[in-house]
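Peer 1: The task is simple: from the sequences and hints, build the whole structure.
The lines below spell out each chain.
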Amino acid sequence: MLKRKKNKREGMDPHIRSLMKIVGEKEILYKPEDLLSYDCDGFTVHKAMPKAVVFPENTEEVSAIVRYCHMNNLPFLARGAGTGLSGGAIPLNNEVIISMVKMKKMLHVDLENRQAVVQPGFVNLKLTHSISDKGYYYAPDPSSQYVCTIGGNVAENAGGAHCLKYGVTTNHILGLEVVLPDGEVIELGEAGVPDRPGYDLMGLLTGSEGTLGIVTTITVRILKSPQGKQTVLAYFDQVEDGSRAVSDIISAGIVPAALEMMDKTAIEGVEAGTYPVGHPPDIEALLLIEVDGILAGLEEQVEHILEVCRKRNVREVKVASSEEERGRWWANRKTGFGAMGAISPDYLVQDGVIPRSRLPEVLQNIYDISRTSGLRIANIFHAGDGNLHPLILFDSRVPGETEKALKAGTECLKACADVGGSITGEHGVGIEKKEEMRFIFTEEELEAQMRIREVFNPYDLLNKGKLFPTPSRCMDVKKIVKETVAVK
Amino acid sequence: METKHNVSIEDRFGNRGTEVYKPVTEKEISDFLKKANEEGKSVSIEGGGTKRGYGGQGEAYDWTLSLADWKGVVEHQAGDMTVTVRAGTTIAELQTFLEDYDQKVSIDPCWPDDSTIGGVISANESGPKRMNYGSARDLVIGLRVVYPDGEVIRTGAKVVKNVAGYDMNKLFIGAMGTLGVISEITMKLRPKPKYESLVLLSVEEEEVDTLRSLAVSIQDAMIEPVCLELMNPQLSKYLTGREAYTLLVGFEDVEKAVKDQEGWMEYHKPASAQMDVKQEEDAREFWKAFSKRAPNALDQSDGETKVVLKTGSKPMEAFSIIKEAEKIQHEVSVQVESHGGLGHGISQLVVSGSEEGIVSFVDQLRKYAAKQKGYVILKHLPTELRKSIDPWGNYTSGLFLMEKIKKAVDPDHTLNHQRFIGGI
Numbered sequence: 001m002l003k004r005k006k007n008k009r010e011g012m013d014p015h016i017r018s019l020m021k022i023v024g025e026k027e028i029l030y031k032p033e034d035l036l037s038y039d040c041d042g043f044t045v046h047k048a049m050p051k052a053v054v055f056p057e058n059t060e061e062v063s064a065i066v067r068y069c070h071m072n073n074l075p076f077l078a079r080g081a082g083t084g085l086s087g088g089a090i091p092l093n094n095e096v097i098i099s100m101v102k103m104k105k106m107l108h109v110d111l112e113n114r115q116a117v118v119q120p121g122f123v124n125l126k127l128t129h130s131i132s133d134k135g136y137y138y139a140p141d142p143s144s145q146y147v148c149t150i151g152g153n154v155a156e157n158a159g160g161a162h163c164l165k166y167g168v169t170t171n172h173i174l175g176l177e178v179v180l181p182d183g184e185v186i187e188l189g190e191a192g193v194p195d196r197p198g199y200d201l202m203g204l205l206t207g208s209e210g211t212l213g214i215v216t217t218i219t220v221r222i223l224k225s226p227q228g229k230q231t232v233l234a235y236f237d238q239v240e241d242g243s244r245a246v247s248d249i250i251s252a253g254i255v256p257a258a259l260e261m262m263d264k265t266a267i268e269g270v271e272a273g274t275y276p277v278g279h280p281p282d283i284e285a286l287l288l289i290e291v292d293g294i295l296a297g298l299e300e301q302v303e304h305i306l307e308v309c310r311k312r313n314v315r316e317v318k319v320a321s322s323e324e325e326r327g328r329w330w331a332n333r334k335t336g337f338g339a340m341g342a343i344s345p346d347y348l349v350q351d352g353v354i355p356r357s358r359l360p361e362v363l364q365n366i367y368d369i370s371r372t373s374g375l376r377i378a379n380i381f382h383a384g385d386g387n388l389h390p391l392i393l394f395d396s397r398v399p400g401e402t403e404k405a406l407k408a409g410t411e412c413l414k415a416c417a418d419v420g421g422s423i424t425g426e427h428g429v430g431i432e433k434k435e436e437m438r439f440i441f442t443e444e445e446l447e448a449q450m451r452i453r454e455v456f457n458p459y460d461l462l463n464k465g466k467l468f469p470t471p472s473r474c475m476d477v478k479k480i481v482k483e484t485v486a487v488k
Numbered sequence: 001m002e003t004k005h006n007v008s009i010e011d012r013f014g015n016r017g018t019e020v021y022k023p024v025t026e027k028e029i030s031d032f033l034k035k036a037n038e039e040g041k042s043v044s045i046e047g048g049g050t051k052r053g054y055g056g057q058g059e060a061y062d063w064t065l066s067l068a069d070w071k072g073v074v075e076h077q078a079g080d081m082t083v084t085v086r087a088g089t090t091i092a093e094l095q096t097f098l099e100d101y102d103q104k105v106s107i108d109p110c111w112p113d114d115s116t117i118g119g120v121i122s123a124n125e126s127g128p129k130r131m132n133y134g135s136a137r138d139l140v141i142g143l144r145v146v147y148p149d150g151e152v153i154r155t156g157a158k159v160v161k162n163v164a165g166y167d168m169n170k171l172f173i174g175a176m177g178t179l180g181v182i183s184e185i186t187m188k189l190r191p192k193p194k195y196e197s198l199v200l201l202s203v204e205e206e207e208v209d210t211l212r213s214l215a216v217s218i219q220d221a222m223i224e225p226v227c228l229e230l231m232n233p234q235l236s237k238y239l240t241g242r243e244a245y246t247l248l249v250g251f252e253d254v255e256k257a258v259k260d261q262e263g264w265m266e267y268h269k270p271a272s273a274q275m276d277v278k279q280e281e282d283a284r285e286f287w288k289a290f291s292k293r294a295p296n297a298l299d300q301s302d303g304e305t306k307v308v309l310k311t312g313s314k315p316m317e318a319f320s321i322i323k324e325a326e327k328i329q330h331e332v333s334v335q336v337e338s339h340g341g342l343g344h345g346i347s348q349l350v351v352s353g354s355e356e357g358i359v360s361f362v363d364q365l366r367k368y369a370a371k372q373k374g375y376v377i378l379k380h381l382p383t384e385l386r387k388s389i390d391p392w393g394n395y396t397s398g399l400f401l402m403e404k405i406k407k408a409v410d411p412d413h414t415l416n417h418q419r420f421i422g423g424i
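Heads up: the sequence lines are chains A and B, in that order. Residue numbers for the first sequence follow our numbering, so the first one is 1 and each next one is one higher. Residue numbers for the second sequence follow our numbering, so the first one is 1 and each next one is one higher.
Note that these hints are calculated values from the structure, not bench results. Be a bit skeptical, because a hint or two may be false.
Unchecked claim - The calculated lysine-lysine pairs, modelled on DSS-like cross-linking and capped at a C-alpha distance of 30 Å, are: (1) 104(A) - 373(B); (2) 229(A) - 259(B); (3) 269(B) - 134(A); (4) 224(A) - 192(B); (5) 256(B) - 165(A); (6) 373(B) - 105(A).
Unchecked claim - Some, not all, of what chain A presents toward chain B, calculated at C-beta under 10 Å: (7) 178; (8) 227; (9) 250; (10) 299; (11) 371; (12) 414; (13) 425; (14) 429.
All C-beta atoms, glycine included, are put in the ideal place defined by N, C-alpha and C.
Peer 2: Next comes the structure, spelled out in structure tokens:
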């Protein structure tokens, strides 16, 4: 028995054998059939095979794996739940994938100081569930929160519907333990203490898409749940009225907890999906608006919102009458992307951001792009922060349509960049939007960022080929993306 | 560009050059830095000049770049709730401008009339209300930064949500001007609160723990104070006339919600506490006086040495830091005026007395803070004292990375050399 096992290992890649020694025999995948599901993340347009997937259980193991890769010049990257939408966890260079899913403990909760300490594989929504009985919650709520991990949230600086009032991930991170690309472990924001002297490395790490280090422990801020919540649903016959109402609400001095918008195509999608709520099929836009806070003050704010909507010719506007109704409205919204599958074989999500006051004109541009490309575009988005999510509907079986969809996506981002916006508000650059970085940054500005990467990741072994366009290579990647397209 | 030569640098706070340049365009900033870099000149950067006693081992620099004339709002779209402003604009000027639109930048640092937004961002200054509104890192969404070689680099964008590339804004916030000169700042705004009030709760020294318990239950209740700041008896005496520990609980919301929360306070306050409520203008007046109490480098008068400490701790540990400081001040015979944020963990202490007393106070408080995993830095102290007390303390994880960043961005140490932690 023992002998046979030894023989089996003899033909094995020596690197796999060494990694096995660090994490144990069972905590590594290396056979091609086991690696298949790691060839992409939520961005499915591009696929590549990793060398192996390892499942460390603690910081020491992560550090040992990283040190080994560093010493042996092996590319590597960290992966959480794999829900990223921009390809940040795709092993472009036959990486060793360090999966954080076994590091999923909650280590400590300190209600008095409003902080919790978790491992990176801890699931976002689980955090809120673990503290909700005491009346606390974790604010960033990406739509994938029931499965995505806090570690991945840190890497992507994840947002969500409620970040309009409460901020994105970076505003809720108090401390990080980080394994640097050479295996050294550092602690930033120790004990969750704010403003530690020195450059804000924690702020740099957050949203660095796994290119500067691997986060192994995270201290987050937790919040007390608001005393009350009121949710308003407003239907508009004109998109423009809906988008002007968004600006009006914000200008009226109301800070909604969330302010979401969907257009006609999106409504068709969500109504055909798993959580229909009976939106009228003939409206052009809807707004989902939530205010929260001190109960005594909410009525006044809701009244104000209703008044704004009426001034903008709303067809119908209602306030959720129960928690159950509110829940249904939100389920309908949060599963919106997936619901597009009900009305289109494939779809591409984009993630541009614009100054909110430019909403009417940019939406018009997106409709023009739709018309020119001949592809339907559904818009489901965080209107309050100006974070658009055009969903480009297409059929990859139709020759040439995928290319058209990619082109339309890029044009949508250009439309956002042209009004002084950004190419991504919460999904990250990854490999998907590398080239589009040039829409918003000059060569010198990109270089300034790459200089920082070099400080942390001088050999570029950690998550290589992400985030930045490389003059010689970006064209090639674009080409590969187009050749290997197989969306969904 | 206004230029002054042979400026006297003989003063108590140092961090000054013998030639002062006051650019009025970004191009002038860029040309100036290019020249300094090429000629190997060391440059100190200043805005309103309030923070010259903040950090720095070297007494003098070759040149000073003053951004005091580089001011004004560049762009403001009320509906976007963002503003872009030049670095030399004072906090008060900015807030006055925004007042017309019923908006504000939700940051409440010391000396709003003199401090410039560039200085506040560079030193990462904040006030009691950061508990609810966050600090500079939560408000800044975009910067234009002039690098030491004169290159202008934009970071972030003029949108409230953005994850394109590294969050380079963070690199310059609190960097004490050691990496680049912040030229323009774009920030998120908030609506001016429809109503505000401030609840003051004072108790005698032996009752002070009741304020701690109250602070814990406030945070565990569903009320939403914008600050929970504890003042020691000396500071309270100056600001309220009452020599007692005083907890400041601020509310900003629609009037109904504010009144509702005042009611909560009335119901839950400790039996021994004296409670006052300041409404609207009275609350604003209080905060004005509060923001001006600590000394800064514009005050050159001789007399007793005063230094300003900033401590960071877990939020509720701010309570024990304020209490411990009371104990130490009696042991080493110095006078302390202090306030600590029980909801955010930043405390500020003004310590006056003999130099030996101050040195020993800082030393003891540092030891205490370290035990709670906190830290003590000195925001304001005379050059002389900076030789016996390191303003930054001596330990920070990741310092070697910070040194490498400095080297990558400012390899010739042109900007604010040795002004920051570890001699960066």
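Peer 1: Let me know if the C-beta of residue 178(A) comes in closer than 10 Å to any C-beta of chain B, holds or violated.
Peer 2: holds, 8 Å
Peer 1: Was the hint right that residue 414(A) lines chain B, CB cutoff 10 Å?
Peer 2: violated, 13 Å
Peer 1: Grab the minimum C-beta distance from residue 227(A) to chain B and call the hint holds if it beats 10 Å, violated otherwise.
Peer 2: The hint holds - residue 227(A) has a Cβ within 10 Å of chain B, the shortest such distance being about 4 Å.
Peer 1: Need the status of pair residue 224(A), residue 192(B): alpha-carbon distance at most 30 Å?
Peer 2: Holds, at roughly 23 Å.
Peer 1: May I ask you to test the interface hint for residue 425(A) with respect to chain B, counting a Cβ-Cβ separation under 10 Å as satisfied?
Peer 2: holds, 4 Å
Peer 1: Residue 371(A) was flagged as interface toward chain B. Is the shortest Cβ-Cβ separation under 10 Å?
Peer 2: For residue 371(A), the interface hint is violated, since the closest Cβ of chain B sits about 26 Å away, which is over 10 Å.
Peer 1: Using the nearest Cβ pair, does residue 250(A) come within less than 10 Å of chain B?
Peer 2: holds, 6 Å
Peer 1: Assess, step by step, whether the Cα of residue 256(B) is no farther than 30 Å from the Cα of residue 165(A), and give holds or violated.
Peer 2: holds, 20 Å
Peer 1: Given the hinted pair residue 229(A) and residue 259(B), is their alpha-carbon gap at most 30 Å?
Peer 2: Since the Cα atoms of residue 229(A) and residue 259(B) sit roughly 19 Å apart, the hinted pair holds (cutoff 30 Å).
Peer 1: Mind checking the alpha carbons of residue 373(B) and residue 105(A) for me, to see if they're no more than 30 Å apart?
Peer 2: Holds, at roughly 23 Å.
Peer 1: Hey, residue 269(B) versus residue 134(A), does the alpha-carbon distance stay inside 30 Å?
Peer 2: holds, 22 Å
Peer 1: Report holds or violated for the interface hint on residue 299(A), using the least CB-CB distance to chain B and a cut-off of 10 Å.
Peer 2: holds, 8 Å
Hints 11, 12, counting from the list given before, are not met by this structure.
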